[in-house]
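Chains A and B, in that order, give the protein sequences.
Numbering-wise (this note's numbering), the first sequence opens with residue 1 and increments by one.
Numbering-wise (this note's numbering), the second sequence opens with residue 228 and increments by one.
Careful: at least some of the hints might be erroneous.
What the hints assert, rightly or not - Heads up, incomplete: computed chain A residues facing chain B, CB under 7 angstroms, no partners named:
id	residue
1	THR24
2	ALA37
3	ILE41
4	PHE48
5	ILE49
6	PHE53
7	THR59
8	PRO159
Said to hold, decoys possible - Over 12 angstroms on every C-beta distance to chain A, these chain B residues come out as not near it, computed from the model:
id	residue
9	PHE287
10	ILE294
11	TYR375
12	TYR687
13	PHE736
14	GLN758
Keep in mind that the hints were calculated from the coordinates and are not lab data.
Note that the structure is predicted; figures quoted are calculated from it, not measured.
We put the beta carbon where it would ideally sit given N, CA and C, even for glycine.
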Amino acid sequence: MSDTAATNITESRSGMAGLVDDWTSDKQTYHVPWGKAMMWIFLVSDTFIFTCFLVGYMTVRTSTAEPWPVPAEVFALSFFGSDPIPLILIAIMTFILITSSGTMALAVNYGYRKDKRMTAILMMVTAAFGASFVGMQAFEWTKLITEGVRPWGNPWGAPQFGSVFFMVTGFHGLHVTAGVIYLSIVARKVIKGHYDKKGFEIVEITGLYWHFVDLVWVFIFAFFYLW
Amino acid sequence: MAYVPIADQDHELHDPHSFVTKYIWSQDHKVIAIQYGGTAIFVGLVALVLSALMRLQLGFPDTFSLIDPSAYYQAVTMHGMIMVVYLLTALFLGGFGNYLIPLMCGTRDMVFPFLNMLSFWVYLLSVLILLSSFFVTGGPTGAGWTLYPPQTITPGTPGHDTGILLMLISLGVFIIAFTMGGLNYVTTVLQARARGLTMMRLPLSVWGILVATILGLFAFPALLVSAIMMTFDLTLGTSFFMPAIMAAGDQLDYNGGSPILFQHLFWFFGHPEVYIVALPAFGLVSDVLSTHARKNIFGYRMMVWAIIAIGGLSFIVWAHHMYVSGMNPYFGFFFATTTLIIAVPTAMKVYNWVLTLWEGDIRLNTPMLFAIGFVFTFVHGGLTGLFLGNVVIDLPLSDTYFVVAHFHMVMGVSPVLVLFASLYHWYPKVTGRMMNETLGKLHFWCTFLGTYAIYLPMHYLGFLGVPRRYYALGSTDFIPESAQALNANITIAAIFVGVAQILFFINVFWSLRHGKPAGNNPWGATTLEWQTPDTPPKHGNWGPELPVVHRWAYDYSVPGYPQDFIPQNVAGDFGVSDDHGHAEPKA
Ligand code: HEM
Ligand SMILES: [Cu+2]
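So here's chain A without its partners, still in its complex pose (with noise of 0.2 angstroms):
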């Protein structure tokens, strides 16, 4: 009797072809782990949000009558009485979280290496850069808050400034934190030794969503800061 169920792809093709051994083959559409899957999906489903969120933004900054505060000047810091430096903060901020997407990529590598001594303490670096991060953005919520910026309103012009300041930031922010506690769990299992025989695509996994979490704050940054 004939065999007719089509047999599992043991080695990838590349390109086109390999795209559609991917799409035709039984079993799994994807060579990666059921988790990576998923979080690939999630974080496009996440994309959307955050679209959603900075098309919205856009939309009220072009609808609303008043004019819009000046972010050069809305976020300036001066240090020891120096004039102010436009950006200085949101620049420090936006250069700590890339540097934790590069310390993300190492723990990844030393993972696969089953370094796991070196993955656990590269994943508590990225964790306490995130979380440097979060501090950094509430001490930013304070200082606008001192200023008298609410969601409702502000000094300088158009409320919808500091609405969608306090949104977006925010819910960036939220990401960041459960980034950060995402890692921290990760990392005590790797240490625990939990994943020396499922192996530690987990750890690719959180970067997947550590990384996530960096591409999006470029854009928040392009757009709300920058703009």
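Got chain A; can you put chain B with the ligands on it based on the hints?
Only chain B with the ligands this time, still in chain A's reference frame:
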């Protein structure tokens, strides 16, 4: 290193032992499916009662004084929202998706059963939050299921403070529940199918549910974002959607927001939502039609591509709901065009259903009757959609009963008929017993003819210009007296249809104990869920060995084969068994 697919690796399967882990905190997709289904049907009944209250008011405005105008608005709103989101979306994806995906894909469960269980409990929470709004001061929101600002928030709308807040929270919670379930469904279909089951061998039910879930994952974010922004407008006094506005003689504290932005966000969710409901229905009905016509589905590949095309297009037609909103008229041109284009793959599907029936060995049992009924109602609803898709025709018909008739035909009645077809079709698998045919057929004819009696006259009311969401017609010059007579008739039909659903519930409960034992495969169907070793399937579905698939899902009436169906897991060179499941059966 050779690649070992995860589905082949060892997995621990926790067999539940106590009653609680088996039926309440269960991680078994079949139990979760029943929990989802039961909850959805329960809220659906609440929505049905609300529609009866509205109909009694509309049909006999002077006889009954069950509800006042505010309560009418609240009933319209809750009825619409419950039917669309909490009944149909939950029942098709949470109910049928959960039950059928693992069985049709030949897996033991969803890929992440715990997340799946969580999905149901969070859904239940969202339902409870929604229902709790009936009991707060001011009652539920009366803003219409579209929740358009500014009137959602302005004083004067019933439930403009607590009711609307609960609605927004409930929607947010629902979206979280849906996301947890949806990620599971998509990952399971893509990554965990049985050996030999390529994507192009999947039953259309799975395709419909898969694409609908993907639509949900990409469309619900827009609703979530608009709910968040509206919550802030409501509680924090932001002005995302609220322009400077006077209400009840006072200037409100809002300034510079954009109500149209809400409409765009809402319909960017709202239109795909129509297909989140419709695509699973398309899939399920294809399988029911093919099984009971004893013929392969006509044009399988075309059906798959049509599902995908409809899914993709559904994201670029949303503003056909906004022709009268005052947006730029050029948008109207663009969206009318895309809307008419989407009719092409949809029409292809209808042709293929009809051609599947053509010269089939049709068995007119209850599921088949409902499935054929769907083809009728769907064609009717679809045709009126073509009218409304054109800007010039939509302008006078917008917000009239013509629209009410259209969307009830296309996304109310049609999916509900498929729900019944599917419930009658898969009930034997779920319970191990057949449902009563006589009661079932009676139920079908009452429902099918009854819905026509309700909705056909509504088209005519719409042409007269009777507006939707009105508590009473009052006396106007352009609406003749006779419209009220028509309204009374519609109400009688609606009450009749509502009451007729009791037949279904009697049947469900009666058959549970007294139905004929079904056996594993009462319909002689090919798909995997009918090939389980036990009916109802046990925990883990397949006994020790997972099934191996050798052919597509539609090998019915293959010449030269002793029976008129070949299950997907039968090996051998009959019918369609080549690697990619090409659609032409060998003659
Ligand atoms: C026997 C069954 C049903 C009856 C008698 C019924 C009746 C009604 C009535 C009287 C209205 C209010 C019309 C108005 O005043 O504008 C309405 C609105 C609506 N119905 Fe139904 N309905 C039924 C089933 C369904 C189903 C299954 C759906 C699922 C999609 C549905 C979705 C809606 C929606 C979305 C609205 C609009 C709500 C709004 O205007 O905010 N209905 N229905
Ligand atoms: Cu639409």
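Identify whether the interface hint at THR24(A) stands, where standing means a beta carbon of chain B within less than 7 angstroms of its own.
Cβ of THR24(A) sits 5 angstroms from chain B, so the hint holds.
With a cut-off of 7 angstroms on the beta carbons, see whether THR59(A) makes it to chain B.
With Cβ-Cβ at 5 angstroms, under 7 angstroms, it holds.
With d taken as the least Cβ-Cβ distance between ILE294(B) and chain A, does d exceed 12 angstroms?
holds, 36 angstroms
Is the interface hint satisfied for ALA37(A)? The criterion is a beta-carbon contact with chain B at less than 7 angstroms.
holds, 5 angstroms
For PHE736(B), is the shortest CB-to-CB distance to chain A above 12 angstroms, so the non-interface label stands?
holds, 38 angstroms
Going by Cβ atoms only, is PHE53(A) closer than 7 angstroms to chain B?
holds, 6 angstroms
Minimum Cβ distance from ILE49(A) to chain B below 7 angstroms?
holds, 4 angstroms
Let me know if the C-beta of ILE41(A) comes in closer than 7 angstroms to any C-beta of chain B, holds or violated.
Hint holds; ILE41(A) Cβ to chain B Cβ min 5 angstroms, cut 7 angstroms.
Determine whether the non-interface label on GLN758(B) survives the test: each CB of chain A must be over 12 angstroms from its CB.
About 15 angstroms separates GLN758(B) from the closest Cβ of chain A, which puts it past 12 angstroms; holds.
Could you check that no beta carbon of chain A comes within 12 angstroms of the beta carbon of TYR687(B)?
holds, 39 angstroms
Does the claim that TYR375(B) lies outside the interface with chain A hold up, using a Cβ gap greater than 12 angstroms?
holds, 16 angstroms
Interface hint status, PRO159(A) versus chain B (Cβ within 7 angstroms)
holds, 6 angstroms
Checked against the numbered hints listed earlier, the structure breaks none of them; every hint is satisfied.
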